[in-house]
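Undergrad: What follows is each chain in one-letter form.
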Amino acid sequence: MAQSVIASSHEVAPHADHASETNTGVSNNKLAIWMFIASEALFFGAFLATYFLYRGRDALFLKGPTPADLLNIPFTSVTTFVLLMSSLTMVLALDAIRRGMHRQFRVWILATALFGLTFIGGQVYEFTEFYREGLHLSTNLFGSTFFVLTGLHGAHVVMGIVWLLSLWARSMQGRLPTEKAEAVEISGLYWHFVDVVWIVIFTAVYLVPQK
Amino acid sequence: MTDSTEAPGPGTDVAVTDEGGAIDTLAELAVEPVEEHSHPDAKQYVLIAVVLVIVTALEIATSYIDTGHTNWIIIALGAMAIVKFVLVTGWYMHMKTDHPLFRRFFIVGIILASIVYGVVFMVFSSTVLKS
Chain A
1 MAQSVIASSH EVAPHADHAS ETNTGVSNNK LAIWMFIASE ALFFGAFLAT YFLYRGRDAL
61 FLKGPTPADL LNIPFTSVTT FVLLMSSLTM VLALDAIRRG MHRQFRVWIL ATALFGLTFI
121 GGQVYEFTEF YREGLHLSTN LFGSTFFVLT GLHGAHVVMG IVWLLSLWAR SMQGRLPTEK
181 AEAVEISGLY WHFVDVVWIV IFTAVYLVPQ K
Chain B
212 MTDSTEAPGP GTDVAVTDEG GAIDTLAELA VEPVEEHSHP DAKQYVLIAV VLVIVTALEI
272 ATSYIDTGHT NWIIIALGAM AIVKFVLVTG WYMHMKTDHP LFRRFFIVGI ILASIVYGVV
332 FMVFSSTVLK S
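As you go down the protein sequences, you meet chains A and B in turn.
Numbering follows the working numbering, in which position 123 of the first sequence is assigned residue number 123; successive positions increment by one, without gaps.
Every number in the working numbering is 211 more than the matching position in the second sequence, counting from 1.
Nothing false has been slipped in among the hints.
Covered stretches of chain B (in silico footprint by chain A; criterion: 3 or more residues with CB under 8 Å from a CB of chain A, positions within the stretch not fixed): (1) 258 to 266; (2) 287 to 301.
Cβ-Cβ distance ranges computed for the label pairs, FRET-style: (3) A:Pro177 to B:Gly289: 37 to 47 Å; (4) A:Ala183 to B:Gly279: 45 to 55 Å; (5) A:Phe43 to B:Val297: 20 to 30 Å; (6) B:Gly301 to A:His136: 36 to 46 Å; (7) A:Arg99 to B:Gly301: 19 to 29 Å; (8) B:Leu258 to A:Leu42: 26 to 36 Å; (9) B:Lys307 to A:Ala183: 13 to 23 Å; (10) B:Ala253 to A:Met172: 14 to 24 Å; (11) B:Tyr275 to A:Arg170: 36 to 46 Å.
Sample of chain A residues at the chain B side, in silico, Cβ under 8 Å: (12) Val26; (13) Ser87; (14) Leu88.
Hints were generated in silico from the structure; no laboratory data involved.
Using N, Cα and C, we set each Cβ at its ideal position, and we do this for glycine too.
Pulled out of the complex, with its shape left as it was, chain B reads as follows (with noise of 0.2 Å):
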């Protein structure tokens, strides 16, 4: 089942009233032309599982890795949980195939986070602890 996104035919001369601009851009929005894409098979969610699982051993390996570099093994395992969400999010959710809506409200969201949590942690860090 997948959300098909119709035109409206031309010619509609059902009487509307033009009041609610945030539904009109919401609506434009939302309805601007979309390639559908199909789902992945069953083939491709196990392919899928399969990078997962080897990313996630990678990680589980180089988190035992002692060297002196400490923040060389963080940005890899961040650049590891970066491909594994996503893989999730991207295939698993559907985001690549599905409406572009979605991927937009939940990137606005991961954005919104990072920079208030970013502006919290620096703010905090820097003043309140160490006070």
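Excised from the complex, chain A in its bound form (with noise of 0.2 Å):
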């Protein structure tokens, strides 16, 4: 069987779906991208294991404030529903584009952006007001902890968002035709897939009860 999906590869025709050109059957890119998110939840469960493994113990080490003290739930919350409310706008995009709808794929898009940029603003702010009161990286467990994990997930949204900008910007100069919307449900499923960390990282930093 295996040698005949082979077979089958090389006879393709030129303009033929990429899904069949693979010995797999289906995308090589899409593939990557899941491999590359499957190791990534390796990637964060690591720092969220240690986040966890150190919760509560600063009285044991070292002193300082504590999240009870620092974390803004109504702030955060707010936050949250944007980055989730991106999610809704990307998949918008992808259905734009994959129906030829460019201008509306630019919009949803760049509003996709957008709420990426005001969730990152709002982790600036969040990351300034705990620097003031006194929170570093190295002050306690709690510190480290939390400045690595939220910090490595907002590294990730800026990342995303530049992504975004730059399938815009080819959208733009019409380099980014529908038969390319592959593009986007690749950039889309990284999105989500920092979506879905946020969704883990929002209920056990800042909402389950530190005892």
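Build the complex: two chains, separate frames, hints provided.
TA: Right, here's the structure in full:
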């Protein structure tokens, strides 16, 4: 069976769908982004596990501001809603480009990037406030684990924003036709994964009661 | 644009060596007959966003409940986070409708991460931090 699959891949017409040109029958680009996402799950899992490992143990080691003193749940709830809405605009952008509606696509992709920028703005504000309150990266265990976990997530959001803006620029130049909608789908998968990671971080870091 | 999974036609007479066992396995895994589903439309996407917002609001409200049963609140928050996780991955990331190979990669990654960090968490929390 595998032999005939490989054989068929040599006979594919030049303009055939990407998926049928591969050994697996699925797009290599999509397969690669899913593998990358799986590895990112391991990456963020490490920092979440570390956060939970050290959670509430500051009394044993170092002194300093605690999560209860600093975390502003109403404010972070707003930025969380913003990030959730960015996932909606992302799928609407993909839907638009698949239907060949490029103007709509550019509106939605730009909206997604702006929601992402708003989220990052909120994170910068939050970090600045924490710093003013005396929480630094090396102040205590909460500072170390919190800044590393949420900071790395923020870095991923920034990368996603750059990616989205590059797609918008390509579309503006007419270099993103409907046939290349898979490029939008792949960036969307990354963006949604970043959203999923925040869903977990928001619950684990902000909402789970501190004992 | 959806991924088609065209099976090769019979009678293909191209000579192919059968050396790559791993490739064969992956190819066999991927080209199994797959029922293609269409992706959700814009209305469904908006509906999912509304559900996500409602669940998030419930989560935030739950976190403010002041009871002595902290464990129950943690379980409720975890369950709501899982609902949101499934909604985003299943519908927005099209895991529900796309080729199963993508789903397998992601789920294997999540399971491996859970096992590895579960073990790390148990080992370190029971030894290092109590020493």
